[in-house]
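Protein chains in written order, with my numbering: chain A, 1 to 517; chain B, 518 to 983.
Among the hints, a few may not be true.
As the list claims (entries may be wrong) - Covered by chain B, per the in silico footprint, the following chain A stretches (three or more residues, Cβ under 8 Å):
{"#": "1", "stretch": "62-76"}
{"#": "2", "stretch": "151-159"}
{"#": "3", "stretch": "164-173"}
{"#": "4", "stretch": "180-191"}
To be verified - Partial pick of chain B residues on the chain A-facing surface, computed with a CB cut under 8 Å:
{"#": "5", "residue": "Ile886"}
{"#": "6", "residue": "Ile891"}
{"#": "7", "residue": "Met905"}
{"#": "8", "residue": "Tyr928"}
{"#": "9", "residue": "Leu931"}
{"#": "10", "residue": "Gln973"}
{"#": "11", "residue": "Phe976"}
Everything labelled a hint here was simulated from the structure, so no lab data went into it. Beta carbons are placed, not taken as given, at the ideal position from N, Cα and C, and that holds for glycine.
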Amino acid sequence: MKLDLLSLVIFFPVIGAIPIFFMSPKNKKMLFDYTLLITLIEFLFSLFLLKDFKFSLYGFQHEHIYQWIPAIGASYHIGIDGMSLILILLTTFLTALGILSSYNYITHKAKEYVIVMLLMETGMIGVFASLDLLLFYLFWELMLIPMYFLIGIWGHERRVYAAFKFVIYTMAGSALLITGILVLYFYNHQQTGIYTFDLLKLYRLNVPYGLAKKLFLAFAIAFAIKVPIFPFHTWLPDAHVEAPTAGSVLLAGVLLKMGIYGFLRFAFPLFPAAALHYAPFFMALGIIGIIYGAFMSWVQKDLKKLVAYSSVAHLGFIVLGIFTFNMYGTQGAIIQMVNHGLSTGALFFIVGMLYERRHTRLIEEFGGLAKVMPVFSTIFGIVMLSSIGLPGLNGFIGEFLVMLGAFKATKVAAFFAVLGIIFAAVYMLTMFQRVVFLKVKEKNLGLPDISLREFFVLAPILVFIFWIGVYPKPYLKMTEPSAHAVIYQIKSAQNADRLKELIKPNEMVSINRRNAR
Amino acid sequence: MNAHILLPEIILSITAALVLIIEFLTPRRLQFTGTVTILGILLALFYDLSMFRNAGVGFFGMVKVGPFDRTFDLVFFIGAILLILLSFDYFVEISGEFYFFILTSLIAMMLLAKSIDLFMIFLSLETLSFSLLGLIGILKQKEFVAEASMKYYLLAAFSSAFFLFGIVLTYVVFQTTNISEISNKLFASGLTGIKPALIVTVVLILVGLAFKVAAIPFHMWTPDVYEGAPAPVVAFISAGPKAAGFAIILKIMLNGYQSHPELWSSIFAYLAVLTMFWGNLAALKTRNLKRMLAYSTIAHAGYVLVAVVSANQQAYAAIVFYMLSYTFMVFGAFSIISMLGDSHSNLEDYAGLSRTSPILAFMMAIFMISLTGIPTTSGFISKFYVFMSAAKTNHIWLVVFGFINGAISAYYYLRVVVFMYMMDTREELAIPYFPFLRSVMWIAVIFIFYLGLFPQKVFEIIISAL
Chain A
1 MKLDLLSLVI FFPVIGAIPI FFMSPKNKKM LFDYTLLITL IEFLFSLFLL KDFKFSLYGF
61 QHEHIYQWIP AIGASYHIGI DGMSLILILL TTFLTALGIL SSYNYITHKA KEYVIVMLLM
121 ETGMIGVFAS LDLLLFYLFW ELMLIPMYFL IGIWGHERRV YAAFKFVIYT MAGSALLITG
181 ILVLYFYNHQ QTGIYTFDLL KLYRLNVPYG LAKKLFLAFA IAFAIKVPIF PFHTWLPDAH
241 VEAPTAGSVL LAGVLLKMGI YGFLRFAFPL FPAAALHYAP FFMALGIIGI IYGAFMSWVQ
301 KDLKKLVAYS SVAHLGFIVL GIFTFNMYGT QGAIIQMVNH GLSTGALFFI VGMLYERRHT
361 RLIEEFGGLA KVMPVFSTIF GIVMLSSIGL PGLNGFIGEF LVMLGAFKAT KVAAFFAVLG
421 IIFAAVYMLT MFQRVVFLKV KEKNLGLPDI SLREFFVLAP ILVFIFWIGV YPKPYLKMTE
481 PSAHAVIYQI KSAQNADRLK ELIKPNEMVS INRRNAR
Chain B
518 MNAHILLPEI ILSITAALVL IIEFLTPRRL QFTGTVTILG ILLALFYDLS MFRNAGVGFF
578 GMVKVGPFDR TFDLVFFIGA ILLILLSFDY FVEISGEFYF FILTSLIAMM LLAKSIDLFM
638 IFLSLETLSF SLLGLIGILK QKEFVAEASM KYYLLAAFSS AFFLFGIVLT YVVFQTTNIS
698 EISNKLFASG LTGIKPALIV TVVLILVGLA FKVAAIPFHM WTPDVYEGAP APVVAFISAG
758 PKAAGFAIIL KIMLNGYQSH PELWSSIFAY LAVLTMFWGN LAALKTRNLK RMLAYSTIAH
818 AGYVLVAVVS ANQQAYAAIV FYMLSYTFMV FGAFSIISML GDSHSNLEDY AGLSRTSPIL
878 AFMMAIFMIS LTGIPTTSGF ISKFYVFMSA AKTNHIWLVV FGFINGAISA YYYLRVVVFM
938 YMMDTREELA IPYFPFLRSV MWIAVIFIFY LGLFPQKVFE IIISAL
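Isolated chain A (complex conformation) (with noise of 0.2 Å):
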């Protein structure tokens, strides 16, 4: 068996995680040097997987499939398209940076910080590439450890509760999800005769429309709590509050995506005359998503609740996104995964630098950084434009987009979208105001500016933030056939709908005949 690329980028870092066991606890800018280098090899890696990847194709790209437990017809098959691509590139990129932003911050077990993060790296990667059902569930569940472990060890003070509220939502969204796919699983044995949780072989399956709606909302329940979708998103102001810097990064950055990533994977090809009838309860619920998230932004006292609260509001506007069902909307929605992990990560690491300086994050506690800490603030001031959507910055393409998407939708929704984007300035230009501007407070007089670390741990965020701002074709064009494949399936359940109104049932019955031949 050979090892194919992907399967490198997948376990390198649990294989890079090996040798640290045998490291001393005691020396840990050893721990992290090798740890940052482990990562940054690993982004390396997963930069080759563009090398021969064709942004043009339809389907995926770097598949394999090896056997894996035959018995259940379950495989080892993984393969990737644009839109994983770009959110395993988001992941490495995002966990490097994460270990480099640690150096400071994590004061005690560091070797299990080291080996906890690698850990968790797998995972995600492991769920973007996996086209297995039962491997996605196993990649989707293995990553609930490392983050509790995160967040329960190295947390703040409510640690412990806010890493088991992630742990039994979680676990409670994935009972649905699971039991889920043992019913896809036995109903397409029924239908074709094979055992199988191969997802593309999945895919071929027509699900009874009846059989679809259930399926399709145990699916979207799980996923909705990871995105997290409104009434579900208790978990994620705890999670996100209490977790390390890098926790909260990676949360942000790529735990949530991983719900949408569902939606878009799984739940939308798998049942898209589902999808289609649940898309005006989702779309509100994502619109919710806008105004809530804004509204306890805005009278949020603590920073980082403030950016937890922020990641609902656009998490909304990506749920928006996904479910117009349209080119613009659907392409909006993956850039601004891409968008929020960047700006939203950036977000966090500042808010981590000043609580290492300070050790409150408590909005009223700063004030006139700007004078104290000059090129710190001028970075926190592009990232919370960027955050906000600032024409020229990366935020921007990806609300156009879903705006744009949500119009040609339906237009009451682009109206709340709107609202969402102003709410969003206010919120942010606020907090941005109080924390950067105003008088000097006394106590901040001393706070040193960005030291040299963390300028690298900031500086590749900010070129992305750009680049896509200003150039988002490559972007654009690498996720262009995801995007136009899931539409593709909603849209053709659409015609099929159409079609049955049309037509009456006999004749349907004799077109049936027809295709079948």
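Starting from the structure of chain A, add chain B where the hints point.
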């Protein structure tokens, strides 16, 4: 009489006698007696495996041997060997009867899985109960031991009485106690609907067996026995005898009353749901690790009962696989509990373990994660396989309840991890180096990951035995 089909059991019986003689000649030589026992068990295992494919009926139609029963034997053998390994470090000095009881309970379990006559089942059940009683009460001078063994004894006797009633009634209805004859007569009678007499026999037999697998509401003995008995014995009780209980439930319900699933399948469905929820909810409150694992074992019995409800070929395979994986999980957890000692099994005693003994804490975390059923560990794949058999027969709600229970159980399993990793020690607990306990721990971890990641080989063996 076809005696050779029970050759492994005969070897074990001879070993048991030998152990008593050795104990008489050189008393209280823990490792020597134990080693002799292990050798006897290995010899029996060797014969068991070499006759794996041989099937046959013997002992006047009382015993039927097939490859399937031998897969259950594997679970029993592993449990016994791990128990003996644990005992080397756990007990300072112990009489050789301990090994005698291990052997007799092993024989009883093996016979249970093989008997096809209700009387034979009753005899084996009684042998098993008394052997386990001996194991539970082996440290008679210790606190709570008397309570534990008394409770076990009374409830075992009680449930046996029910079982015996059930047998008598069965004989009244069918004029036979042979399971396959019952099945034939039931099938030939062309009976439809539910007959009161039949229901009563099924329920009575069920009560007797529900005690063995600690299903609600016959679980009352579990927490006290778990708390009072020595840790290695507890691990043994929750693995082998439970598997034997399930083997016999499967045998009676699926072979005997196969043609009339309406008699028992809904009873098991309710029992399964109740047992899972009760076990998990009760475990949420407990602060003692041994007691918590007692409730957890009840919950796990609930998961396995889900497979019993579905009553198909896959359920057989799923239950064997589940019990196999559960054996490793529970022995792993109890090997670490043994290292810290029975009197230090409160959650507070585990606080800060990750700092004082990082390896133990890490392993314990793996066992807890596996018991929760998180993927890559055998706990997930076995639970998944069990629920798969239920999904196959469209018991969707049972599956949902099962996985939801997984989420509930995460709370108390991960709380152990919280104490180990996220709290600080009050007092430093010096844990000596126990080679045998550690080896059991490593064996458990290796098999948990092996079964969790690459279950194919074991699936093949089990499925081929069906």
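Of the hints given before, which are not true for this structure? Violated: none.
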